[in-house]
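Colleague: Start from the sequences and build out the full structure, keeping to the hints where you can.
If you want the building blocks of each chain, they are given just below.
2 protein chains.
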Amino acid sequence: MITTYHLANANGAFFSPHAWRTTMALAHKGLDHQSRGIGFTDIASICDGARKIVPTIEDGEQVLSDSWSIAVHLEDTVTSGRSLFGGEKGKAHALFINNWASFGLQPLLLRIIVLELFERLQDKDKDYFRASREKRFGRSLEAHGATADEAKAALPAMLAPLAQTLNIQPWLGGDVPSYADYIALGAFQWVRTSSSFDLPDFAGEKVADWHAAMLDLHDGLARTNT
Amino acid sequence: MITTYHLANANGAFFSPHAWRTTMALAHKGLDHQSRGIGFTDIASICDGARKIVPTIEDGEQVLSDSWSIAVHLEDTVTSGRSLFGGEKGKAHALFINNWASFGLQPLLLRIIVLELFERLQDKDKDYFRASREKRFGRSLEAHGATADEAKAALPAMLAPLAQTLNIQPWLGGDVPSYADYIALGAFQWVRTSSSFDLPDFAGEKVADWHAAMLDLHDGLARTNT
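As given, the protein sequences belong to chains A and B, one line each in that order. So in this note's numbering, the last one in the first sequence is 226, and the numbering has no gaps at all. So in this note's numbering, the last one in the second sequence is 226, and the numbering has no gaps at all.
Honestly, the hints are just simulated from the structure, not real lab data. A portion of the hints provided could be inaccurate.
[Stated by the list, open to error] Listed next, with one range per pair, are the computed distances between beta-carbon atoms:
no.: 1; chain 1: B; residue 1: Asp76; chain 2: A; residue 2: Val176; range: 43 to 53 Å
no.: 2; chain 1: A; residue 1: Arg139; chain 2: B; residue 2: Phe202; range: 39 to 49 Å
no.: 3; chain 1: A; residue 1: Ser45; chain 2: B; residue 2: Ala143; range: 51 to 61 Å
no.: 4; chain 1: B; residue 1: Thr224; chain 2: A; residue 2: Ala131; range: 52 to 62 Å
[Claimed, not checked] Which bits of chain A does chain B cover? Going by a derived footprint, with three or more residues having C-beta under 8 Å, they are:
no.: 5; segment: 81–92
no.: 6; segment: 95–101
no.: 7; segment: 151–158
no.: 8; segment: 165–175
A quick note: this is a predicted structure, and the numbers were derived from the prediction, not measured. All residues carry an ideal CB built from backbone N, CA and C; glycine is no exception.
Modeller: Here it is, written out as structure tokens:
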């Protein structure tokens, strides 16, 4: 049984977009796994005490962190299940999609959801989150959240590759889901668990249909924690 | 010998980003090919007279249009050369990158370069370009070009997946170039041939290094028409 450490908010919802990539990848590979919700301020005390981020997974003695590293490890070592990447070029191209989500889409979404996300955090995490994010943003959470309308204006262009691709094929992976779909889903899970912003509705019908199908995958795994 | 129809401007430079995808894909496959520059207003008179876009390629009796369709056709039929996609998931993920370029990056770049691009067109193409683009934009070329600074402000986030991926691997295709690299190159060729905007410099060192390496590929093919 593999344990994945997620971030849980005050509602018990798992909101880390990167940990959702991992949970879905584990299910895709057909591995026996469970998720455990912790706070930002608990990360230092899990596993070997050397972890700084989620997802961190624990598989017997082995501990791994970072969603991309975990996905590559699963693909390389678990040869029995379905492929996440479909070969070297599939993996290379998925890294672009990974970086689109992490460095393009998610920073834009955070400007829209940051104040609600903060409100929903566990109380013990609030000081840490405010201090670390205000340092990263170079401004207060409130000032960052005040740019939400500007971020919404830029969002259609950022979502265009997702929406246009789903006009042509049912999944980012083509005829079947791939790790690319789980990357994109992570961003949607983050928004859904942390805010009132209806991203599937904003993104249009094809994306909303894909999102509903994503929530149905693997026995509704992504719906189970809302 | 395969002929690819490109758009040529008044300097004789081939500026269609989509036609550059095709030219590079033909070279990647090791096919004997040549490029022919025409104006927008010449498209109706090439080949079978039924073409509306470049790239259009002519291979004996066979005529094909649309860069994505051509790439898929080359991958399916030319099994002797190097792979463009590396399998079904590599192709599915490349479609995302294709749509990122066509519907995310390039519309942003056009707001930056449109006035210079227009100035450099062949005279016979100017009326067509102005009328068709002003209809598409819902405003004059000048009003569209007046949003260049706003587009530049949004450009780093749009380029982030490219820049971040090239921090980790030398090509979008991984250790070797794939069709994904040619997709991205097309946008850079468009900007370079149509404007004074230095996109590689704007995009940072890793992207600039990749761009220089792209220009060296296939005996400097992308440098030959500047």
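Colleague: Take a look at whether the Cβ-Cβ distance between Asp76 (chain B) and Val176 (chain A) falls inside 43 to 53 Å.
Modeller: For Val176 (chain A) against Asp76 (chain B), whose Cβ atoms are near 19 Å apart, the range 43 to 53 Å is violated.
Colleague: Count the residues of the segment 81–92 of chain A with a beta-carbon closer than 8 Å to any beta-carbon of chain B: does the count reach three?
Modeller: holds (count 9)
Colleague: Would you say the segment 165–175 of chain A counts as covered by chain B, given the rule of at least 3 residues with C-beta under 8 Å?
Modeller: holds (count 8)
Colleague: Quick check: the segment 151–158 of chain A, covered by chain B? Criterion 3+ residues, Cβ under 8 Å.
Modeller: Answer holds; 3 residues pass the 8 Å Cβ test.
Colleague: Does the beta carbon distance between Ser45 (chain A) and Ala143 (chain B) stay inside 51 to 61 Å, or does it fall outside?
Modeller: Holds, since Ser45 (chain A) and Ala143 (chain B) (Cβ atoms, about 57 Å apart) stay within the stated range.
Colleague: Check, residue by residue, whether the segment 95–101 of chain A contains three or more positions whose beta-carbon lies closer than 8 Å to a beta-carbon of chain B, and give the verdict.
Modeller: holds (count 5)
Colleague: Evaluate the given range 39 to 49 Å for the C-beta pair formed by Arg139 (chain A) and Phe202 (chain B).
Modeller: violated, 24 Å
Colleague: Are Thr224 (chain B) and Ala131 (chain A) spaced within 52 to 62 Å by their CB atoms?
Modeller: holds, 54 Å
Hints 1, 2 from the list above are not met by this structure, while the remaining hints are.
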